[in-house]
Structure formats: structure tokens, C-alpha cells
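Here are the chains, one letter per residue:
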Amino acid sequence: MKKFILILLTIVALSAGVGYYFLKYQKKTIQKLENQISFLKETYTPLKFKILDRDSNKLKVAVKFMDMDSNEIQKSDFTLEGHELMFDFFTIQIKDRYLSFPTKIFTDMMPPQEGVDLTQYYNVDGFPQIFNDKEITPEAKVLLTELFSKIRENKTQDLKQNFGNCVHDIQKFKSFREDYIYSILAHTKGGLEIIEN
Amino acid sequence: MENTIKHLQDLNWFIRPIADFILFLFTTKFGITLLITALVIYIIASIISAIQEKRSGSANGVSYSNKRISTIEMAYISFRVIGNTFLNIISKAPVLIATMLILFMIVGFSSAINTVDQFITNEKKIKELRVVLKHLNQRYKVAEFEVIDQQYLAPINNVNTTLKFQFFDYAETGVKPEPQTMTIKGNDIYFDALVMNFEYSEITSGENKNLTFPLKIFSNAVSRQEGIDLNFFDKDSVPYIFHRSEQEVVGISSLNFASRLKEILSWVKDEKAAKNAGIRSIYGNAVHVVVGKGSKNTVWIEQTGGLVIKSSEAF
Chain A
1 MKKFILILLT IVALSAGVGY YFLKYQKKTI QKLENQISFL KETYTPLKFK
51 ILDRDSNKLK VAVKFMDMDS NEIQKSDFTL EGHELMFDFF TIQIKDRYLS
101 FPTKIFTDMM PPQEGVDLTQ YYNVDGFPQI FNDKEITPEA KVLLTELFSK
151 IRENKTQDLK QNFGNCVHDI QKFKSFREDY IYSILAHTKG GLEIIEN
Chain B
1 MENTIKHLQD LNWFIRPIAD FILFLFTTKF GITLLITALV IYIIASIISA
51 IQEKRSGSAN GVSYSNKRIS TIEMAYISFR VIGNTFLNII SKAPVLIATM
101 LILFMIVGFS SAINTVDQFI TNEKKIKELR VVLKHLNQRY KVAEFEVIDQ
151 QYLAPINNVN TTLKFQFFDY AETGVKPEPQ TMTIKGNDIY FDALVMNFEY
201 SEITSGENKN LTFPLKIFSN AVSRQEGIDL NFFDKDSVPY IFHRSEQEVV
251 GISSLNFASR LKEILSWVKD EKAAKNAGIR SIYGNAVHVV VGKGSKNTVW
301 IEQTGGLVIK SSEAF
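Those sequence lines, one after another, are chains A and B. Okay, so the first sequence: first residue is 1 according to the working numbering, each after it adds one. Okay, so the second sequence: first residue is 1 according to the working numbering, each after it adds one.
Think of the hints as simulated: they come from the structure by calculation, not from any bench. One or more hints might be untrue.
Using 27 Å as the maximum straight-line C-alpha spacing, the simulated DSS-like pairs for lysine-lysine come out as follows [said to hold, decoys possible]:
#1 A:Lys172 to B:Lys296
#2 A:Lys60 to A:Lys95
#3 A:Lys41 to A:Lys134
#4 B:Lys185 to A:Lys155
#5 B:Lys92 to B:Lys216
#6 B:Lys216 to A:Lys58
#7 A:Lys174 to B:Lys262
#8 B:Lys293 to A:Lys150
#9 A:Lys160 to A:Lys75
#10 A:Lys95 to A:Lys150
#11 A:Lys160 to B:Lys272
#12 A:Lys60 to A:Lys174
#13 A:Lys50 to B:Lys296
#14 B:Lys262 to A:Lys160
#15 B:Lys293 to A:Lys172
So the derived list for chain A, only partly shown, Cβ under 7 Å to chain B, looks like this [to be verified]:
#16 Phe4
#17 Leu52
#18 Pro111
#19 Gly115
#20 Thr119
#21 Tyr121
#22 Leu159
#23 Phe163
#24 Gly164
#25 Ile170
#26 Lys174
#27 Glu178
#28 Gly190
In this text the structure is predicted, and so the values were computed from the model without any measurement. We treat Cβ as the ideally placed atom computed from N, Cα and C, and that holds for glycine.
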């Protein structure tokens, strides 16, 4: 019995230790990232899109992913059921800046959980290529890769000051027009914006 | 300066109708037709008068009684009258030109007063709109929401969340008393809003600013189309968060504040007016967060960056 309790206590102590180390490691990652975000511009454009076709209940859209130097990463077409197009982002506050990662595309007729995952389109060897910049340091690259891996694996519960941020058109007021190019601007001081190019 | 403008406006009270009449006569088809008709009637009347004179024989002091006039003579009289009329016009050209100049000076003067008046009205409007936007563009809380219940149902990951929303009304005590309670399927709660983004606009003086109107709640398991509308607007369709107390609103009367506010809100549905006002984009923005029972979150409108959602404890 004593042996059993001792083993149990050891397991509990080890788990607590691993958990503590894990949390500390995460905090450290965030802290390090705070010192590495100077490369972030005030505004960047992670993606551009164009409505290719729209009928009563369907949308066909081309989405182009861009890095911070405005180089195209990848382009892909999506056909979705719905009237309004919605782009979902994972936003995390680092120091006084917000980093926004595109996560999903869906429509007003789709519950977000049925949306199409977008992270795969700008995942280059685990690094979120939308943050690629001439001035990015190798350390920031490593830290962003770690953060991105948590987002992709949906292990974001332990990250503080994060939230989802979704931008979309509203049919009742103003729909995205066919064959017009729209850009999603991510403001590092908070907020996303859609503008017509 | 204000007195001078007031005097000019008083003067324009009687100059403007004259100017409008002059413009009507000389610049509209109907006015020109009227002038030509008047000239034609004058010429016809002169011809008839000349013929009558010829018939009555009173011309040149010699008396004839009802002398018959031949067609050729009538034609001659007509041409003579028409010729004389045009010669008269040519001989009085300097007077006519001077008259025309005076008339158009009246038009110009009235138009100048109108332009100044319009400029001053627009300046006042822009100033008022700036004041309204300044009051709406501060960083402030939109709503607080608390998860008052969460029930997990079969199959796994099927969850119903009951939320209590507390909105803010800055004209009253800061908190709108009636909270809105709702139950929605899912645990990632989307707080959806409409955003109007001003930029490079005369109104915002080139600063990047947003106005945000919360619309509805949906979740990871409920599409936006099937989301729940927020009871966020007063009876005049003005969002509660845009209410301001009289003491708080400086630089504009509360009546003008309300009227300008409604004007800004109307731009949501009027693309042309929105463009004229310098609104660069109108779009939807939904911030969302995964919630658990007892968790409290606050939705903030950032002064420059749209919507942000944070755990209430973080403040």
C-alpha cells in the first residue's frame, strides 16, 4: 500500500513538474517573441481574394496568400454554399501588438466548425509564411513556428490574450462584388479590415 | 464676421428670387421661349398698330377713312416694323448690354452669397460630425457577457451555452439595465458587428477610425444566418453605446448630436453618401472566444483597431 501511494505521489509530482515546465516554457516563448516582433509592420496583408462567381446559394472565390513583403505564397479557389464570405483569424496579443493568423474560410450558411482550414495554404515547413519578411530574425522564425504549430493543433487554451477574429461581407448592407480584388489588412495595433483594391 | 454673413443672408432674401427669375428667363428653354414669344407678340402688335394707323389714315397728318390696304402694302408695313424693331434693338445695344450686365451681376452676387452660405453650413456640418465621431471613437466597452450555464449533451462536443449579455449605455448610468439572455449551441461564441471604416476623410482629418454596430451572436456550431440578433438598438435604431449624456457632449447641442448621429448611421445603407463622407470600407467583423461555465468576457471597441474581445479578469 505504501509503495502504491509513493508511486502515485511520484507520478503526481512528475506531472506537476512537467506541467509547470511546460507553462514556463510557453511563457518564455511569448516573452521571447515580444522581443522579436519589431519586424512587424503596422499593417500587413496576409491575404487577398476575388469572388469569381456567385449564384443564389453558392460562392466561388479565389484566395491568394501573401507574405509581409507582398510576395504571393499560394493561390487557391474555393466553392462554398452561402451568400456571405467569412474569413476567420486567430489573433494573439504579444506586448502591444496583435498577430493574426488566417484559420478558416466559411460562409453565413455554414457553422464555422465546418469551415475550410486555411493554415495549410501558408504553412511552409511549419512556418507561417505570411509573416515572412526581409527583416525577420531566425529566432522570431522559430518562435512563430512554435506558435503556429499550437494554432494548427488547436492547442491554444494555454496561450493568454488570444481570441478569434472573423471578417465578412453583409448581404443586407454591402456584398463583395464579383471580379473585384479585396485585401484583408491586419492592423498590428488591433483589428482586421477588408478593403477593395 | 457672423454679422456680415447675417446681413448678406438678409439681403439675399429678396435678391435670390430676382436672380432665380433672371436665370429662369435666360437659361431655361421655357424662359427663352417666353422672351421670344414676348418679342413676337410685340412685333405683331406693332404691325397691327401700323396697319390700323394706315387704315385710319392718320399717318403723316393726312386723314383717310377706312382705306383699303393691299397685301403688298401690308407686307411692306410688316417688314418695315420688323426692321425698325431690330434697328431699335441695335441702336439701344449699349443700354441693353448694360441692363444685361446688371441683371447678371445680381445673379452673380446672389450666387456668391449662396456659395458663402453653403460653405459656412458645410463647415458647421463637418465640425458637428467631427464632434460626433470624436465622441464615438474613444476606446470603450460594448458589452460584457457571462456564461451562466453550459450543458454537455450526447454526442461528444455537443454543448449548449447560456449567455447573459450586459450592454452599455453611456448616456445613463454606464450600464444598460436590461441584460439579454440567450442559449446557443456551441462553445466558441462569435460576437458579430458591422464596421464602418473612415480614412483620409474630411471628417476624420485623415485619421484611421472605425464605427462599430454590434449585430448578432453565432457560434462554432451555429451559422451566422441562424445566429441570434442582439437587442442592441434603441427605438430610433441608434445603438445604446452611442448614447451620450448632455454633460459629456461638448461642442454640439444634444439635438444636433442626435441628428448628426442618425445621418452617420444612415450611411450604412447609402453607398454614395458613405463614399462622399470618406468611408473607405463597410464590412462585418465577428470576434470570438471559447467559453466555459462562469467565464466572463468583455467586448471592446478600440479607438483605431475595431473589435477586441478579452477575458474580463484581464482588466
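Each hint tested on the structure:
1. A:Lys172 to B:Lys296: violated (31 Å)
2. A:Lys60 to A:Lys95: violated (38 Å)
3. A:Lys41 to A:Lys134: holds (12 Å)
4. B:Lys185 to A:Lys155: With Cα atoms ~22 Å apart, lysine 185 (chain B) and lysine 155 (chain A) stay inside 27 Å; holds.
5. B:Lys92 to B:Lys216: At roughly 76 Å apart (the allowed maximum being 27 Å), lysine 216 (chain B) and lysine 92 (chain B) break the hint.
6. B:Lys216 to A:Lys58: Holds: lysine 216 (chain B) and lysine 58 (chain A) sit about 23 Å apart, inside 27 Å.
7. A:Lys174 to B:Lys262: holds (19 Å)
8. B:Lys293 to A:Lys150: Given that 27 Å is the threshold and the Cα spacing comes to 24 Å, the pair holds.
9. A:Lys160 to A:Lys75: violated (32 Å)
10. A:Lys95 to A:Lys150: It holds: about 19 Å lies between the C-alpha atoms, which stays within 27 Å.
11. A:Lys160 to B:Lys272: Distance ~42 Å between lysine 160 (chain A) and lysine 272 (chain B) Cα, so the pair is violated.
12. A:Lys60 to A:Lys174: holds (18 Å)
13. A:Lys50 to B:Lys296: Violated: lysine 50 (chain A) and lysine 296 (chain B) sit about 38 Å apart, past 27 Å.
14. B:Lys262 to A:Lys160: violated (39 Å)
15. B:Lys293 to A:Lys172: Between lysine 293 (chain B) and lysine 172 (chain A) the Cα gap is close to 34 Å, so the pair fails against 27 Å, i.e. violated.
16. Phe4: violated (32 Å)
17. Leu52: violated (19 Å)
18. Pro111: holds (5 Å)
19. Gly115: violated (9 Å)
20. Thr119: Check failed: Cβ of threonine 119 (chain A) comes no nearer than 16 Å to chain B, outside 7 Å.
21. Tyr121: With Cβ-Cβ at 21 Å, over 7 Å, it is violated.
22. Leu159: Since the shortest Cβ distance to chain B is 12 Å, the answer is violated.
23. Phe163: At about 5 Å, which falls below the 7 Å cut-off, the nearest Cβ of chain B leaves the hint on phenylalanine 163 (chain A) intact, so it holds.
24. Gly164: OK, holds: glycine 164 (chain A) within 7 Å of chain B, min 4 Å.
25. Ile170: holds (5 Å)
26. Lys174: holds (5 Å)
27. Glu178: violated (16 Å)
28. Gly190: holds (3 Å)
Violated hints for the displayed structure, listed by number in ascending order: 1, 2, 5, 9, 11, 13, 14, 15, 16, 17, 19, 20, 21, 22 and 27.
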